[in-house]
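Protein chains in written order, with this note's numbering: chain Y, 1 to 133; chain Z, 1 to 472.
Rather than coming from a laboratory, the hints here were simulated on the basis of the structure.
The C-beta atom is built at its ideal place from N, Cα and C for all residues, glycine as well.
Careful: at least some of the hints might be erroneous.
FRET-style restraints, in silico, Cβ to Cβ [unchecked claim]: (1) Z:Lys9 - Y:Arg20: 39 to 45 Å; (2) Z:Arg123 - Y:Glu126: 43 to 49 Å; (3) Y:Glu74 - Z:Lys427: 26 to 32 Å; (4) Z:Arg123 - Y:Glu23: 40 to 46 Å; (5) Y:Ser19 - Z:Arg123: 48 to 54 Å.
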Amino acid sequence: MSFVFLDHTADIKIRVRASRKKELFEESARALSSYIARKEVRSVRKKHIRISGTDDKALLYGLLDELIYLLDAEEFIVSHVIVHLGTSSLEATVWGDTSTRYDGLAHIKAATYAEMKITHRKRLWEAIFVLDV
Amino acid sequence: MKERMKKIKDNVYELPVEGKMRVPGIMFTSDALFRDVGEMCVEQLEHVAQLPGIVGNALAMSDVHSGYGFPIGGVAAFNLTEGIISPGGVGYDINCGVRLLSSTLSKKAFLKHRAALLEEIYRRVPSGVGGKSGTHLTPLELDHVLEEGMKWAVEKEYATKKDEERTEDNGCIAGAHAKHISQKAKNRGKHQLGTLGAGNHFLEIQEVEQVFNKKTARAFGLKEGHIVVMIHCGSRGLGHQVASDYIMAMEKEYGYSHLPDRELAYAPLDSRLGKEYLSAMAGAANFAFVNRQIITDQIRKSFRQFFPKETLTLVYDIAHNIAKFEKFIVDKKPCVLCVHRKGATRSYGPGRSELPRAYRSLGQPIFIPGSMGTASYVLVGTKKAEALSFASTAHGAGRVLSRSYAVKHVALQSVKKDLAARDIMIKSGSERGLVEEAPQAYKNIDEVVRVSDALGIGAVVARLKPLAVVKG
Numbered sequence: 001m002s003f004v005f006l007d008h009t010a011d012i013k014i015r016v017r018a019s020r021k022k023e024l025f026e027e028s029a030r031a032l033s034s035y036i037a038r039k040e041v042r043s044v045r046k047k048h049i050r051i052s053g054t055d056d057k058a059l060l061y062g063l064l065d066e067l068i069y070l071l072d073a074e075e076f077i078v079s080h081v082i083v084h085l086g087t088s089s090l091e092a093t094v095w096g097d098t099s100t101r102y103d104g105l106a107h108i109k110a111a112t113y114a115e116m117k118i119t120h121r122k123r124l125w126e127a128i129f130v131l132d133v
Numbered sequence: 001m002k003e004r005m006k007k008i009k010d011n012v013y014e015l016p017v018e019g020k021m022r023v024p025g026i027m028f029t030s031d032a033l034f035r036d037v038g039e040m041c042v043e044q045l046e047h048v049a050q051l052p053g054i055v056g057n058a059l060a061m062s063d064v065h066s067g068y069g070f071p072i073g074g075v076a077a078f079n080l081t082e083g084i085i086s087p088g089g090v091g092y093d094i095n096c097g098v099r100l101l102s103s104t105l106s107k108k109a110f111l112k113h114r115a116a117l118l119e120e121i122y123r124r125v126p127s128g129v130g131g132k133s134g135t136h137l138t139p140l141e142l143d144h145v146l147e148e149g150m151k152w153a154v155e156k157e158y159a160t161k162k163d164e165e166r167t168e169d170n171g172c173i174a175g176a177h178a179k180h181i182s183q184k185a186k187n188r189g190k191h192q193l194g195t196l197g198a199g200n201h202f203l204e205i206q207e208v209e210q211v212f213n214k215k216t217a218r219a220f221g222l223k224e225g226h227i228v229v230m231i232h233c234g235s236r237g238l239g240h241q242v243a244s245d246y247i248m249a250m251e252k253e254y255g256y257s258h259l260p261d262r263e264l265a266y267a268p269l270d271s272r273l274g275k276e277y278l279s280a281m282a283g284a285a286n287f288a289f290v291n292r293q294i295i296t297d298q299i300r301k302s303f304r305q306f307f308p309k310e311t312l313t314l315v316y317d318i319a320h321n322i323a324k325f326e327k328f329i330v331d332k333k334p335c336v337l338c339v340h341r342k343g344a345t346r347s348y349g350p351g352r353s354e355l356p357r358a359y360r361s362l363g364q365p366i367f368i369p370g371s372m373g374t375a376s377y378v379l380v381g382t383k384k385a386e387a388l389s390f391a392s393t394a395h396g397a398g399r400v401l402s403r404s405y406a407v408k409h410v411a412l413q414s415v416k417k418d419l420a421a422r423d424i425m426i427k428s429g430s431e432r433g434l435v436e437e438a439p440q441a442y443k444n445i446d447e448v449v450r451v452s453d454a455l456g457i458g459a460v461v462a463r464l465k466p467l468a469v470v471k472g
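Please take these sequences and the hints and turn them into a complete structure.
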């Protein structure tokens, strides 16, 4: 599993790769955590979330939206998630920490569908997405 | 894609109708600015031109850069019969906007207290991620903010009647119902009223460096050498959540296979979901007006500690991410259109009844902030803008470098040194933010404004020079 920040003029563009689809969602959450905190976030609190969506892109959008919500409304910063994929839904255990323990967090306004791609080629899953910052 | 754009006259490029486009795309830009316009930006303009019910042209202002769905700096007007409303055409930060406060203080008087005053403002106005509001709202009060906007702020003595009159739509966009805003959005917003946020949002204390139009400047309360305060922020997490909620709801209701870009999810203007989004958007916009007002209240209190007689008069407050129903003449007939402005400023000319009485004979004040540390401009709306651009002009400098490129290639020390060399004092919670917003990451604001002025869609009134900045 890996992620990398790509160039984008106004916002933040991320590419994630994984060998399994569920890992693609998990690695996307790690990328988000890394962008926000820029260091390791402790895994001392957890929450359960459920996302519904008609396809993989909607599920990824929904997952990112929920993680941004947790930071903004509940002072919860994600470290990693463990994902269980269903049909048209996703359940996840979100691990993380209280965000007020971290300084200089980067801001994200929202997840977006802009330039979003999810592909599966040669046993490799790849997602590209842009965050509005 | 970009080679399809043709220069049709000075500062105007056209993307002719092709394929599924219903109307041409028009970009107001100079040759120099056009060189930096990306392929994706042109593609997004083409997508907007394909939307149902679009009237006239799909427009891009001189500060255009690629966004999500709509380009930023994009303007599109839709008729009420086939037309649509798209959250992506408003932007995630609903009613991101700018207000300007004028003062009678001289630069010299201000500089004596600059550091201490900046510190005081930084202390009073929460900024950055997790910057929590000192304004505690019950759920019921939050609903009042969403539905009443500046009227609530006047009742609670955060605002004067004059502040209310000098805010676009009197600080209350009609039709807002709190019930159309999700609990999630309210949870994000309830601790954020009166906070600056992060990213490109800022407070700036500036000097009126040069006045180009004395009569209008005087009416706006601007005098060379005097101090003004500019505030740039929006509806915070509440507005962002409203946008995300309705993008998801619209694609659930209408699917996405017909969209050229999924971020362009829309609903017909006369549909239930379209109306609900408009109502929620109005609520988020009202929240943003009040947000800027509470920040204003804190800034006024800070100034009073050092300058007890200084009241700081609101010049005007403008929304640059919004959709509104406005009257225009199309094909010689008056009609009401839903105008989406995403990173564009309304530019009403003289005579519009929507303007405060003091400005009605002159036109609407327009504020175009530069990038951090560079000049900002005050313009005035024109009749020509109503004819050419659905009464719209640019909203800012517009990025040319990505944030990640800036972080990799611009040194923090050089940004700090550069600001110091220009005698600009800065307070920021985030060093990375400083680098991301470095002036070299943006288009040349002078050129962006020159195009607006040359086309006559927003006439230059004054240039403002920053002296002290709080970065979110």
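How the hints compare with the structure:
1. The given range of 39 to 45 Å is broken by Lys9 (chain Z) and Arg20 (chain Y), whose C-beta atoms sit roughly 56 Å from each other.
2. At roughly 46 Å, the beta-carbon separation of Arg123 (chain Z) and Glu126 (chain Y) lies within the given 43 to 49 Å, and the hint holds.
3. Our hint of 26 to 32 Å for Glu74 (chain Y) and Lys427 (chain Z) holds, since their Cβ atoms are close to 28 Å apart.
4. Restraint check, Arg123 (chain Z) to Glu23 (chain Y): a C-beta distance of roughly 45 Å satisfies the suggested window 40 to 46 Å.
5. Under the hint 48 to 54 Å, the C-beta atoms of Ser19 (chain Y) and Arg123 (chain Z), about 50 Å apart, fit the expected range.
In the structure shown, a violation is registered for the earlier hint numbered 1 alone.
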